[in-house]
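Residue numbering for the sequence shown follows the numbering used here, beginning at 143 and increasing consecutively.
Heads up, some of the hints might be wrong.
Unchecked claim - Beta-carbon label-pair distances, calculated as ranges:
| id | residue 1 | residue 2 | range |
| --- | --- | --- | --- |
| 1 | 193 | 215 | 18 to 28 Å |
| 2 | 173 | 205 | 21 to 31 Å |
| 3 | 230 | 208 | 55 to 65 Å |
Because the hints were derived from the structure by calculation, they are not lab data.
For each residue, glycine too, the CB sits at the ideal point set by N, CA and C.
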Amino acid sequence: MEENTDIQKEIATTEEEVQITKTANTRRAFFIHLSIFILSVAIIWILWYLLKNAFRPELTGGFLKICLCFSLLWLIAVIFHYLIAFKWTRTHAEKEVSKLRKRRDQQIEEIKALKQEIQQNADSLKQEEERKE
143 MEENTDIQKE
153 IATTEEEVQI
163 TKTANTRRAF
173 FIHLSIFILS
183 VAIIWILWYL
193 LKNAFRPELT
203 GGFLKICLCF
213 SLLWLIAVIF
223 HYLIAFKWTR
233 THAEKEVSKL
243 RKRRDQQIEE
253 IKALKQEIQQ
263 NADSLKQEEE
273 RKE
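Make the full structure from the sequences, and use the hints.
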């Protein structure tokens, strides 16, 4: 019996470590993405601020629209990346881990049932041999 619990603990630890590593990598990637976003958007808006008086307003108006579109679209991408890294991944991962644990528990129950069946067969064979003697 103790072998089964040791194996269960080892499997659970391995699954949890893999899941924790995946979650950590996803979150780290989000923070890298967020840093690049902040730096890039800051540079673009600084460029717009510096160039808005250097050219005619008609020319800088188009650049303003480009800056707005660029910033908003990328902000939407960062928001989705945040949701994936911190919200959606966690629930999906938890579902997957529970599914794997259920499958593991079923396999352990099947193994126990097979062991009992083998033991019963061995006992019945011993009884038959004793009867023959």
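Verification of the hints:
1. As the Cβ distance of residue 193 to residue 215 is approximately 21 Å, the hint placing it in 18 to 28 Å holds.
2. A beta carbon spacing of about 29 Å between residue 173 and residue 205 agrees with the range 21 to 31 Å that was offered as a hint.
3. The hinted window of 55 to 65 Å between residue 230 and residue 208 is violated, with their beta carbons roughly 31 Å apart.
Violated hint: 3 only; the structure is consistent with all others.
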